[in-house]
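J.: Next come the chains, spelled out residue by residue.
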Amino acid sequence: MTDLSYTSPRSGSRTANILLRWALYIMLGLFALFYLMPLFVMVITSFKSLDEIRTGDLISLPREVTFDAWRTAWSGACTGIQCEGVRPFFWNSVLIAIPAVLISTLIGALNGYVVAQWRFKGANLFFALMLFGCFIPFQVVLLPMARMLGLMGMAGTIPGLIFVHVIYGLGFTTLFFRNYYVSIPSELTKAAKVDGAGFFRIFWSIFLPLSLPIIVVTVIWQFTQIWNDFLFGVSFSQAGTQPVTVALNNIVNSTTGVKAYNVDMAAAIIAALPTLFVYVVAGKYFVRGLTAGSVKG
Amino acid sequence: MAPILEINNLFKSYGSVEILKDINVAIEQGDFLVLVGPSGCGKSTLLNCIAGLEPITGGQLSIGGKDMTHVSPKDRDIAMVFQSYALYPTMTVAKNITFGMKVRGVDQATQDEKLAHVATQLQIEPLLNRKPGQLSGGQRQRQRVAMGRALVRDPKLFLFDEPLSNLDAKLRVEMRTEIKALHQRLGASMVYVTHDQIEAMTLATKIVVMKGGVIQQIGTPSEIYNHPANLFVADFMGSPAMNLIPAKTKANGKGVEIEIASKSGDPITLIDTKNKDLPEDVILGVRPEDIADASLRGGEGRQEADCLIDIVEPAGADTFAVMQLGGKHVTARLHAETGAVAGQNLNLVFDLGKVSYFAPETGERLN
Numbered sequence: 001m002t003d004l005s006y007t008s009p010r011s012g013s014r015t016a017n018i019l020l021r022w023a024l025y026i027m028l029g030l031f032a033l034f035y036l037m038p039l040f041v042m043v044i045t046s047f048k049s050l051d052e053i054r055t056g057d058l059i060s061l062p063r064e065v066t067f068d069a070w071r072t073a074w075s076g077a078c079t080g081i082q083c084e085g086v087r088p089f090f091w092n093s094v095l096i097a098i099p100a101v102l103i104s105t106l107i108g109a110l111n112g113y114v115v116a117q118w119r120f121k122g123a124n125l126f127f128a129l130m131l132f133g134c135f136i137p138f139q140v141v142l143l144p145m146a147r148m149l150g151l152m153g154m155a156g157t158i159p160g161l162i163f164v165h166v167i168y169g170l171g172f173t174t175l176f177f178r179n180y181y182v183s184i185p186s187e188l189t190k191a192a193k194v195d196g197a198g199f200f201r202i203f204w205s206i207f208l209p210l211s212l213p214i215i216v217v218t219v220i221w222q223f224t225q226i227w228n229d230f231l232f233g234v235s236f237s238q239a240g241t242q243p244v245t246v247a248l249n250n251i252v253n254s255t256t257g258v259k260a261y262n263v264d265m266a267a268a269i270i271a272a273l274p275t276l277f278v279y280v281v282a283g284k285y286f287v288r289g290l291t292a293g294s295v296k297g
Numbered sequence: 001m002a003p004i005l006e007i008n009n010l011f012k013s014y015g016s017v018e019i020l021k022d023i024n025v026a027i028e029q030g031d032f033l034v035l036v037g038p039s040g041c042g043k044s045t046l047l048n049c050i051a052g053l054e055p056i057t058g059g060q061l062s063i064g065g066k067d068m069t070h071v072s073p074k075d076r077d078i079a080m081v082f083q084s085y086a087l088y089p090t091m092t093v094a095k096n097i098t099f100g101m102k103v104r105g106v107d108q109a110t111q112d113e114k115l116a117h118v119a120t121q122l123q124i125e126p127l128l129n130r131k132p133g134q135l136s137g138g139q140r141q142r143q144r145v146a147m148g149r150a151l152v153r154d155p156k157l158f159l160f161d162e163p164l165s166n167l168d169a170k171l172r173v174e175m176r177t178e179i180k181a182l183h184q185r186l187g188a189s190m191v192y193v194t195h196d197q198i199e200a201m202t203l204a205t206k207i208v209v210m211k212g213g214v215i216q217q218i219g220t221p222s223e224i225y226n227h228p229a230n231l232f233v234a235d236f237m238g239s240p241a242m243n244l245i246p247a248k249t250k251a252n253g254k255g256v257e258i259e260i261a262s263k264s265g266d267p268i269t270l271i272d273t274k275n276k277d278l279p280e281d282v283i284l285g286v287r288p289e290d291i292a293d294a295s296l297r298g299g300e301g302r303q304e305a306d307c308l309i310d311i312v313e314p315a316g317a318d319t320f321a322v323m324q325l326g327g328k329h330v331t332a333r334l335h336a337e338t339g340a341v342a343g344q345n346l347n348l349v350f351d352l353g354k355v356s357y358f359a360p361e362t363g364e365r366l367n
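Order-wise, the sequence lines are chains A and B. Just so we're aligned, residue 1 is where the first sequence starts under the UniProt record's numbering, counting upward by one. Just so we're aligned, residue 1 is where the second sequence starts under the UniProt record's numbering, counting upward by one.
The set of hints was computed from the structure by calculation and includes no laboratory data. Any given hint could turn out to be false.
Here are the simulated lysine to any residue pairs, SDA-like style, with alpha carbons at most 25 Å apart [what the hints assert, rightly or not]:
| id | chain 1 | residue 1 | chain 2 | residue 2 |
| --- | --- | --- | --- | --- |
| 1 | A | K284 | B | P267 |
| 2 | B | K21 | B | R365 |
| 3 | A | K193 | B | R365 |
| 4 | B | K21 | A | R119 |
| 5 | A | K284 | B | K21 |
Over the 10 Å line for every Cβ pair with chain A, so calculated as not near, a few chain B residues [unchecked claim]:
| id | residue |
| --- | --- |
| 6 | D22 |
| 7 | D31 |
| 8 | A51 |
| 9 | D67 |
| 10 | H70 |
| 11 | K74 |
| 12 | E178 |
| 13 | K248 |
| 14 | Q303 |
| 15 | E313 |
| 16 | G326 |
| 17 | A342 |
Computed Cβ-Cβ distance ranges for the label pairs, DEER-style [what the hints assert, rightly or not]:
| id | chain 1 | residue 1 | chain 2 | residue 2 | range |
| --- | --- | --- | --- | --- | --- |
| 18 | A | P159 | B | S16 | 23 to 33 Å |
| 19 | A | F135 | B | A181 | 51 to 61 Å |
| 20 | B | S13 | A | L131 | 48 to 58 Å |
| 21 | B | P126 | A | F199 | 52 to 62 Å |
Just so it is clear, the structure is predicted and the values come from calculations on it, not from any experiment. Quick reminder that beta carbons are idealized off the backbone N, C-alpha and C, glycines included.
Hey, can you work out the whole structure from these sequences and the hints?
T.: Here it is, written out as structure tokens:
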């Protein structure tokens, strides 16, 4: 951490230092308030009754805390004609996100290992093309992908969505692992080759155990992307396989009569909880992994 | 007995760039071969080719009498110590050493026995359960572990890729002695890559000097030092470097008269009685230790000359005096008690007993 006192070495400017520090903290506090405000409004609104929302203040605390909105959002809210809340869709998202994250991370690790440590002819071109995949706007691939899923008989299925997410995640997962592995001295691979280890043995025994920080980064990144995805979810699903983001949209947009803001808020929070949870649990590795790379041998 | 390592007409190129050209080397059991040269000369590539880590473009290579040209590294019966030591960061020292045996499916009892043996030999028993990052002794201990990983294989051929270049000067000298002692104790065959000519001289039984992917000279340290094959070898091996002085020669009744331009005006003349048939223009190669104070050294075959000393550099055991001859800086390694004073003339003797002559155009040795 930077020590601010270094900016003014004279001992007489102590008061100025303290003032500067306070100014800094106040500034940071204001930013934090600004970012947390929407979340705060969402949380308190979700605990209010509709009556209170209609009569009360947007940022006042609920007079009477009620969990009705949460219950409705979870298992009763209507998404179109079906009124089962977000629960079935939440599980769809889990079934899509977990395999897609694991598969794309594993393949990304293998790709990165090959590109970084087993240089082959055209490796650079291969990697450049992979990178290109990171920056394709997904709208462009919707139609070809829909056709392809149809040909493979996976249209509208959960495996189909997993497939799509794995494919479009590979660019980033490969990039992450390649950049991490490229900083590992190639002598390590050579030593293992002389020791008699083969391609997979070296990957499994030497590279994977070194990879925890970058695995965490990749998992967080992929999980957030896949869980929050709406475009692929709405394009390649059908009734019964829609992910939670699509359900949330349907809940918010398909209410008739009075808008149940409390239910909308609760549903939105439920949809966002898993990514929040992943950040809280693994966040410190995320920052560490993004800056890490060098291996102290 | 077949040579332990034999390389015939080896070529290596990356695309259209030729890295190694027509390499021919052979060593016997127990030899310590040092590949030496400036960076980019291909010495590390050659070592990687011997290890099988780089495929070769042409030629043939055998280890222990068996053709290994297209054999994978693990089946070449070699062990290698790397510049960065390449210890597996997530494994303990013990696991680092036994990894190779584990991969090969050696049974646990044999693994333990060999590990214990090597650990005793290198005095690293207390470190066995630590990971490389936890070695408090730093580079020295890492180096030991890397050696242990090589020793435990008991291979036909040890390969070392600049293993001392990460160490500080003092430790480098210590570890050099340790490696030499190890070589003598094991009687093993080793190939060692370095850019440090002193390491090459002290360790080798045989030196290969390389430049630009071509072998310049192969020989014992003494051959390389005393009979450099060309100007490059003469300049590269030895510190301070051999003095390479442009000179004119003239046949003379007793031998050859050598005339060297001097800064002070009159050229100095030396007479070489051993060598004949030299072209008119030559480059004279004289080691700094073959130029001495006339007052402190006598004897036959020595040629005296007065020289203007430009710089005097006392270095403890020796004092180096720098002067200008034939338009070049010439260094003499003088006795510490020399009377040399900068800016004054000094009577020096040139010992032409071990002198080298090179052709100025080709750089090849003439005598």
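J.: Which of the numbered hints above does this structure break?
T.: The structure breaks hints 1, 3, 5, 8, 11, 18, 20 and 21; every other hint is satisfied.
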